[in-house]
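Heads up: the protein sequence lines correspond to chains E, G and F, in order. Going by this note's numbering, the first sequence opens with residue 37, and the numbers climb by one from there. Going by this note's numbering, the second sequence opens with residue 4, and the numbers climb by one from there. Going by this note's numbering, the third sequence opens with residue 12, and the numbers climb by one from there.
Simulated from the structure, these hints should not be mistaken for laboratory data. A portion of the hints provided could be inaccurate.
[What the hints assert, rightly or not] In silico EDC-like links for lysine to aspartate or glutamate, alpha-carbon gap of 20 Å or less:
{"hint": "1", "chain 1": "F", "residue 1": "Lys-43", "chain 2": "F", "residue 2": "Glu-118"}
{"hint": "2", "chain 1": "F", "residue 1": "Lys-124", "chain 2": "F", "residue 2": "Glu-111"}
{"hint": "3", "chain 1": "E", "residue 1": "Lys-99", "chain 2": "F", "residue 2": "Asp-117"}
{"hint": "4", "chain 1": "G", "residue 1": "Lys-61", "chain 2": "G", "residue 2": "Glu-12"}
{"hint": "5", "chain 1": "F", "residue 1": "Lys-124", "chain 2": "F", "residue 2": "Asp-38"}
{"hint": "6", "chain 1": "F", "residue 1": "Lys-43", "chain 2": "F", "residue 2": "Glu-111"}
{"hint": "7", "chain 1": "F", "residue 1": "Lys-43", "chain 2": "F", "residue 2": "Asp-117"}
{"hint": "8", "chain 1": "E", "residue 1": "Lys-99", "chain 2": "F", "residue 2": "Glu-118"}
{"hint": "9", "chain 1": "G", "residue 1": "Lys-60", "chain 2": "G", "residue 2": "Glu-12"}
{"hint": "10", "chain 1": "E", "residue 1": "Lys-99", "chain 2": "F", "residue 2": "Asp-38"}
{"hint": "11", "chain 1": "E", "residue 1": "Lys-99", "chain 2": "F", "residue 2": "Glu-111"}
[To be verified] Selected chain E positions facing chain G (Cβ under 8 Å, derived; list incomplete):
{"hint": "12", "residue": "Val-75"}
{"hint": "13", "residue": "Thr-80"}
{"hint": "14", "residue": "Ala-83"}
{"hint": "15", "residue": "Val-84"}
{"hint": "16", "residue": "Ala-86"}
{"hint": "17", "residue": "Leu-92"}
{"hint": "18", "residue": "Phe-117"}
{"hint": "19", "residue": "Val-120"}
{"hint": "20", "residue": "Asn-164"}
{"hint": "21", "residue": "Gly-175"}
{"hint": "22", "residue": "Val-182"}
{"hint": "23", "residue": "Val-184"}
{"hint": "24", "residue": "Ile-185"}
{"hint": "25", "residue": "Gly-189"}
{"hint": "26", "residue": "Leu-196"}
Beta carbons: idealized from backbone N, C-alpha and C, even for Gly.
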Amino acid sequence: MLAVTAIALLCVRGLFVASMLTGIYSLLTTALFVLLDAVDVAFTEAAVGAGITTVLFLAMLSKVSARHNDSSTLNFQPLPFLVVILTGALLVYATRDMPEFGDPQAPANLHVAPKYIKDGKKETGVPNLVTAVLASYRGYDTLGEVTVIFTAGVGVLLLLGRKRRRTSGESGEE
Amino acid sequence: MKNNFIVREVANLFLPIIVLFGFYVQFHGDFGPGGGFQAGVIVAVGIILYALVHGLKKTRQLIPDVFIRFLMAMGLLLFAATGLASLFLGAEFLNYSVLGSDQLTGQHIGIILIELGVGITVAAVMVAIFYAFVGRDAK
Amino acid sequence: MSWFSHYNYWIVIFLMMIGLYIVICRDNLARKVIGLNVFQTSVFVLFISIGAVRGATAPILAEGFTEYANPLPHVLILTAIVVGVATTSLALALIVRINEAYGTIDENQIQAKDGDG
Numbered sequence: 037m038l039a040v041t042a043i044a045l046l047c048v049r050g051l052f053v054a055s056m057l058t059g060i061y062s063l064l065t066t067a068l069f070v071l072l073d074a075v076d077v078a079f080t081e082a083a084v085g086a087g088i089t090t091v092l093f094l095a096m097l098s099k100v101s102a103r104h105n106d107s108s109t110l111n112f113q114p115l116p117f118l119v120v121i122l123t124g125a126l127l128v129y130a131t132r133d134m135p136e137f138g139d140p141q142a143p144a145n146l147h148v149a150p151k152y153i154k155d156g157k158k159e160t161g162v163p164n165l166v167t168a169v170l171a172s173y174r175g176y177d178t179l180g181e182v183t184v185i186f187t188a189g190v191g192v193l194l195l196l197g198r199k200r201r202r203t204s205g206e207s208g209e210e
Numbered sequence: 004m005k006n007n008f009i010v011r012e013v014a015n016l017f018l019p020i021i022v023l024f025g026f027y028v029q030f031h032g033d034f035g036p037g038g039g040f041q042a043g044v045i046v047a048v049g050i051i052l053y054a055l056v057h058g059l060k061k062t063r064q065l066i067p068d069v070f071i072r073f074l075m076a077m078g079l080l081l082f083a084a085t086g087l088a089s090l091f092l093g094a095e096f097l098n099y100s101v102l103g104s105d106q107l108t109g110q111h112i113g114i115i116l117i118e119l120g121v122g123i124t125v126a127a128v129m130v131a132i133f134y135a136f137v138g139r140d141a142k
Numbered sequence: 012m013s014w015f016s017h018y019n020y021w022i023v024i025f026l027m028m029i030g031l032y033i034v035i036c037r038d039n040l041a042r043k044v045i046g047l048n049v050f051q052t053s054v055f056v057l058f059i060s061i062g063a064v065r066g067a068t069a070p071i072l073a074e075g076f077t078e079y080a081n082p083l084p085h086v087l088i089l090t091a092i093v094v095g096v097a098t099t100s101l102a103l104a105l106i107v108r109i110n111e112a113y114g115t116i117d118e119n120q121i122q123a124k125d126g127d128g
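So here's chain E without its partners, still in its complex pose (with noise of 0.2 Å):
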C-alpha cells in the first residue's frame, strides 16, 4: 500500500494533489511503524509528517502560485530510469549480505541494545527505553539535534521574516 501511494505520488499531476498525497503517505508508514514495535516513531511521524509537513506544503504552495502548477513534466524519460533501475538492482544483490528481518542475531541487536534494555531501568529509573536512551544514553546526540532543529528555524526566520521587499532585478544575485 505504501508502494502504491509512492507510486501515486510520482504520477499526479496537480502540486495541491501531491501534498495531500505526502500527507496519506506518511500515515501508511506510521502503521508500518506501529507494525515494527516502533510506537515512539510513529507517533512522531503521525504528529510531523502527517500534520506539519503537510500544512508546510500547503502554506509554500499558497505562496508560490497556482499557474505554475503543470508546468512539470511527467513523460518517461527513460535514461534516469535505466540508471534508477540499475542501482536498485546492485542494492538488492547488497542485501543478499544482510541479515534476515526480525533476526535478534543481528549484528545491530548484539552490541549496545542489550545494555540498554537490561541496565536502562536500573541506571535511568525511566521504563521507555526509547527515552532513557535519547535524553540519557544519547544526550550529546539529542542537543546536536535539536540545535540543528534551531539553526533550520533562525535559517527559515532569516529567508522570509524579513519586512521589506525586494524587487526581482536586485535579488537576482543572491
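Start from chain E and add chains G and F according to the hints.
Same frame as chain E, now just chains G and F:
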C-alpha cells in the same frame, strides 16, 4: 474559514484538548510513548490550528514573534545548561546522576529538564516557521 | 536463509528508487522536495526494520515481557524525523524565495532566465 461557525466552535473545543494532550505527552514520556519532540509538535499543531481558524493576526497578538524567538533559544539553552550544571557538579557533561540526591532522582530530574528543553525548542521553531510562511505576503 | 526473508529491504529499496527517480526527473522544485521526503522515509523504514526483532514488543519495560525491539534505531529515527521536517521547511522557504526572485519554480525556466543575464 474564519466565518464558519461550526469550524470555529469545533476548533475551540479541540484546542484545549490538543494542548493538554501535548503536555501529557511531554511529562508522561518517561512511562509511555512520547517525549519532548512529539509534545513540541503537538503543542505547535494546536497553535497552528488556532491561527488557521482565527487568523494569523489575532494569534500574533496573543503569542508575539519576539516571544516565540525567545522560546526557541531558551529551550536550547535549558538543554545546554542542564549539561553544564552536571559538569560543574563534578560529573561529565550531560551526566545527570549528580543533579539529585541519588543516581535515580538525578537522572529523572535531568531527563525531565532535557525533554522540557527539547519540547520548548521544537514547539517554538514549528510555530516560528509557520508564522514566517503564512505571514510572508501579509506585509 | 530464504530469499523471502529479506522482503523488508526490497520494500525499502523500491521506495528509495522511486524517491531517486522523482528527484532526477522532475523539474519542479517542490516535487523534488517531495521526492527527497520519500527517499528519507525509506531510510527511516530501513532503520526501524533493522531494529525489529521477531516476537518482541515495543521497548517500554513492563511486567511479563522479556523480548523488546532494539531501542537504538528508534531513537535515531525519532530525532531524524523532526530534523527532517526542519530541513524540509528550510527547503520550502528557499523555494518561496526562488519563486519571488524568478517568478517560477521550474528548474529549466530558472536556468533559461539565468542564461538571459
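Now for the hints, and whether the structure bears them out:
1. F:Lys-43 to F:Glu-118: holds, 10 Å
2. F:Lys-124 to F:Glu-111: Measuring from Cα to Cα gives roughly 13 Å; hence the hint holds.
3. E:Lys-99 to F:Asp-117: Holds, at roughly 15 Å.
4. G:Lys-61 to G:Glu-12: Roughly 16 Å between the alpha carbons, so the hint for Lys-61 of chain G and Glu-12 of chain G holds.
5. F:Lys-124 to F:Asp-38: holds, 15 Å
6. F:Lys-43 to F:Glu-111: holds, 18 Å
7. F:Lys-43 to F:Asp-117: Roughly 10 Å between the alpha carbons, so the hint for Lys-43 of chain F and Asp-117 of chain F holds.
8. E:Lys-99 to F:Glu-118: This hinted pair holds, its Cα atoms lying about 18 Å apart.
9. G:Lys-60 to G:Glu-12: holds, 19 Å
10. E:Lys-99 to F:Asp-38: Holds, because 19 Å separates the two Cα atoms, which is no more than 20 Å.
11. E:Lys-99 to F:Glu-111: Measuring from Cα to Cα gives roughly 9 Å; hence the hint holds.
12. Val-75: holds, 4 Å
13. Thr-80: This hint holds: Thr-80 of chain E lies near chain G, its Cβ roughly 5 Å from the closest one there, short of 8 Å.
14. Ala-83: holds, 4 Å
15. Val-84: holds, 5 Å
16. Ala-86: For Ala-86 of chain E, the interface hint is violated, since the closest Cβ of chain G sits about 10 Å away, which is over 8 Å.
17. Leu-92: holds, 6 Å
18. Phe-117: violated, 34 Å
19. Val-120: violated, 32 Å
20. Asn-164: holds, 6 Å
21. Gly-175: Gly-175 of chain E check passes; min Cβ-Cβ to chain G is 4 Å, inside 8 Å.
22. Val-182: With a closest approach of 5 Å, the Val-182 of chain E hint holds.
23. Val-184: violated, 10 Å
24. Ile-185: Since the shortest Cβ distance to chain G is 5 Å, the answer is holds.
25. Gly-189: holds, 4 Å
26. Leu-196: holds, 4 Å
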